[in-house]
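Number of protein chains: 2
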Amino acid sequence: MAKDVHPPRGMRDFLPLEHAKRTQILGIIRSTYATHGFQEIETPAMEDIQRLTSGQGGDNEKLAFRVMKRGEELEKSLGGDPDALADLGLRYDLTVPLTRYYATNRAKLPKVFKAIQTGPVWRAERPQKGRYRQFIQCDIDVIGDSSILAEIDLLTSSLHALENIGLEAATIRVNHRVLLSNLLEQLGVPEDGRGSAMITIDKLDKIAAEGVVAELTEKFDAQVGARAADWLKAISGNLPVPAELKEIFEVVAAQFGEGRLRFDPTLVRGMGYYTGTIFEIEHPESGSSIGGGGRYDGMIGRWTGEDVPAVGISIGFERAVELANDDRFHATANNLVLVLDNDSPAVIASAVKLQPALFEHGYSVRLELLPKKLNNLLDSLAEQGFTHFATVGEDSVNMDSLVIKPIGN
Amino acid sequence: MAKDVHPPRGMRDFLPLEHAKRTQILGIIRSTYATHGFQEIETPAMEDIQRLTSGQGGDNEKLAFRVMKRGEELEKSLGGDPDALADLGLRYDLTVPLTRYYATNRAKLPKVFKAIQTGPVWRAERPQKGRYRQFIQCDIDVIGDSSILAEIDLLTSSLHALENIGLEAATIRVNHRVLLSNLLEQLGVPEDGRGSAMITIDKLDKIAAEGVVAELTEKFDAQVGARAADWLKAISGNLPVPAELKEIFEVVAAQFGEGRLRFDPTLVRGMGYYTGTIFEIEHPESGSSIGGGGRYDGMIGRWTGEDVPAVGISIGFERAVELANDDRFHATANNLVLVLDNDSPAVIASAVKLQPALFEHGYSVRLELLPKKLNNLLDSLAEQGFTHFATVGEDSVNMDSLVIKPIGN
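Chains as they are written, first to last, in this note's numbering: chain E, 29 to 437; chain C, 29 to 437.
Treat the hints with care, as some may be off.
For chains that are exact copies, the list does not tell them apart, and a pair is met inside one copy or across any two.
[To be verified] Computed cross-link-like contacts, SDA-like style, restricted to lysine to any residue with a CA-CA straight-line distance of at most 20 angstroms:
(1) LYS261 <-> GLU100
(2) LYS90 <-> LEU232
(3) LYS49 <-> GLY147
(4) LYS247 <-> THR303
(5) LYS90 <-> ASN210
(6) LYS274 <-> GLY107
(7) LYS401 <-> SER174
(8) LYS247 <-> GLY298
(9) LYS136 <-> ARG40
Keep in mind that the hints were calculated from the coordinates and are not lab data.
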């Protein structure tokens, strides 16, 4: 039986040191965003399955884990459409729940709502290296502000958060859906083909310029292909930032220096709901994007019947953890292991009595019974990040009587 | 459509101030346990459904939310046993996942493993006041130590954590499953009736002594009933602590004073897996228990084939949040709202440039555009816990030029 004991496919257990690193990084991101006046909220892990599959979630909707109805409701649904067997689903992102949350709670929220949301999401994807079925997302959103202040707030806060976790080299590619639409018009792509054309342009990384030209030619005609080829040639190298983005670039550059934002006219972002600016976060040490977002002014109206401007950005937490330097996030707390001579009540009482004074001196204090071999215990504790120990007997009556030694030196 | 927008039944959205209180309380509990040398870990929200329903979870197994198979696997299962439609389930507690985690990862863990686990669990219960379908559990466990040091570590750490969140009045009732077995033997309950007799005694709170005597008489015979009546009469008032628990009580009393532990020979705890000490945490302002636990030396052997001693205790996080004083946990951070004259890039740039110096002075800095009515904005921000503001124009070039005013006074 033992060989079969593992977490579900594509999901992970976290060992203490790994968990500590993740918690520290997440804590820094959360507190940096709070420092910018964003407010943290929480929604349930599940949402009604209808809401999760109503077209807001794009391709991710197909990846939702579905939660079965129970009792009579399940009985009634057996033998029919399998989709009717589920009434709930696990969230596959934090954006669909956020828009639902805003629709539910907007009367109790400030007019411009600046939200921090971090937490697990679940996707029934084929597991592969670096891709998991449960992973953490880390979003901020500004709802209710149509001005560029919202974009600037998101970008400066995110660059600040990335710096604080040691990813100063991160940059953000920026584009605007309106620019993309204008471009497609100039290429001669008919209006009803623009979604499809964007999907092709989004593949530029994978299929290169030739591939994009070929696919556009096939989807539309040779003229569209030829114009696209000219366009792709023209945009190599550094491009002037267009008017739609200029002010955002200037304010961010004044704060973080030039080059942290880069205009990329080929940036598409997959989701259909984007209506304005779009972002993708990059890092020189990562082959893929480490986050992204954009403006989605039409989405909340789907729940409330009234459009509300909204823009969000997400740091890819799992990528950020991979990139972040382990040494920086290893446990550094002042820790002390008290090794008890034996398990007599008198010795245990001595050790317990020592704890408060040691706590006051800033130590964490772990109690351990002396095993047959002290060295085995110390080696094992060293692996767990513990750094100091002292032995305790019945006569260890105060802190000063302890001889504190480093572990493993 | 708008009226229909709410989270799933029995699950909650958390508004920013409520979320802040919860995060603070959870943070204090987690860091107190870490101070005692416990190590935080994490398991996935889901486990294989077979594992979740293998008899370890008691009545909670029936409350597991089941997650549907997908694709071909689902196709193959349609039309058959409805139980076969699910391959995963959401965890209903943190103990079953912990024992699975230990079985999976024990080679990489210290010999005595002191675990902190906090996180949501899900139960498909009928929602009612104070009972939710998603709620936080907050557990510590000591695995691999059969001595009373494990119990003492759990009890002192938990009393310390409760104190740190302001619940100094919490006490812990303690009993031992061996004492319960001895008692039932003395009452004349046959060995195969002991589980059933414990279920009856567990109802003492609800059905009183007469109810327990009547039910035992009905389940067994009049002699058992009469002996139980004598026993229940004899145990009113303060009882001497039996030898099995005496040393634990003495060490805890030396640290926390008398009366924080109370021997209760009628304490049963529902779960079948307990083998030794059992605990239940109480608070004078709460009608129901605010946590509990016990020793479960046989449970890990179910996964590994080899018994490992284990004992755990859980603080009922949702109850603790209800009891904890709001004022103590309201946002008190040094916060400042910069109200921008207008949304021109020059004014936005001024505000963004002011942020780093204000951060350095310990402020969080939220940017807001001046709306038509400043007072409406300030009132709304006051409700969110923001306390100070300053207006910013193009000429606000440094911190000293800001006039910082309190909000709402």
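Cross-check of the supplied hints:
1. LYS261 <-> GLU100: neither (63 angstroms within a copy, 45 angstroms between copies)
2. LYS90 <-> LEU232: neither (24 angstroms within a copy, 50 angstroms between copies)
3. LYS49 <-> GLY147: both (16 angstroms within a copy, 17 angstroms between copies)
4. LYS247 <-> THR303: neither (24 angstroms within a copy, 70 angstroms between copies)
5. LYS90 <-> ASN210: neither (31 angstroms within a copy, 57 angstroms between copies)
6. LYS274 <-> GLY107: This pair counts as neither: shortest intra-copy Cα distance 58 angstroms, inter-copy 60 angstroms.
7. LYS401 <-> SER174: The answer is between: 18 angstroms across copies meets 20 angstroms, while 66 angstroms in one copy does not.
8. LYS247 <-> GLY298: This pair counts as within: shortest intra-copy Cα distance 18 angstroms, inter-copy 66 angstroms.
9. LYS136 <-> ARG40: Classified as between; 15 angstroms across copies, 37 angstroms inside a copy.
The structure does not agree with the numbered hints 1, 2, 4, 5 and 6 stated previously, though it agrees with the rest.
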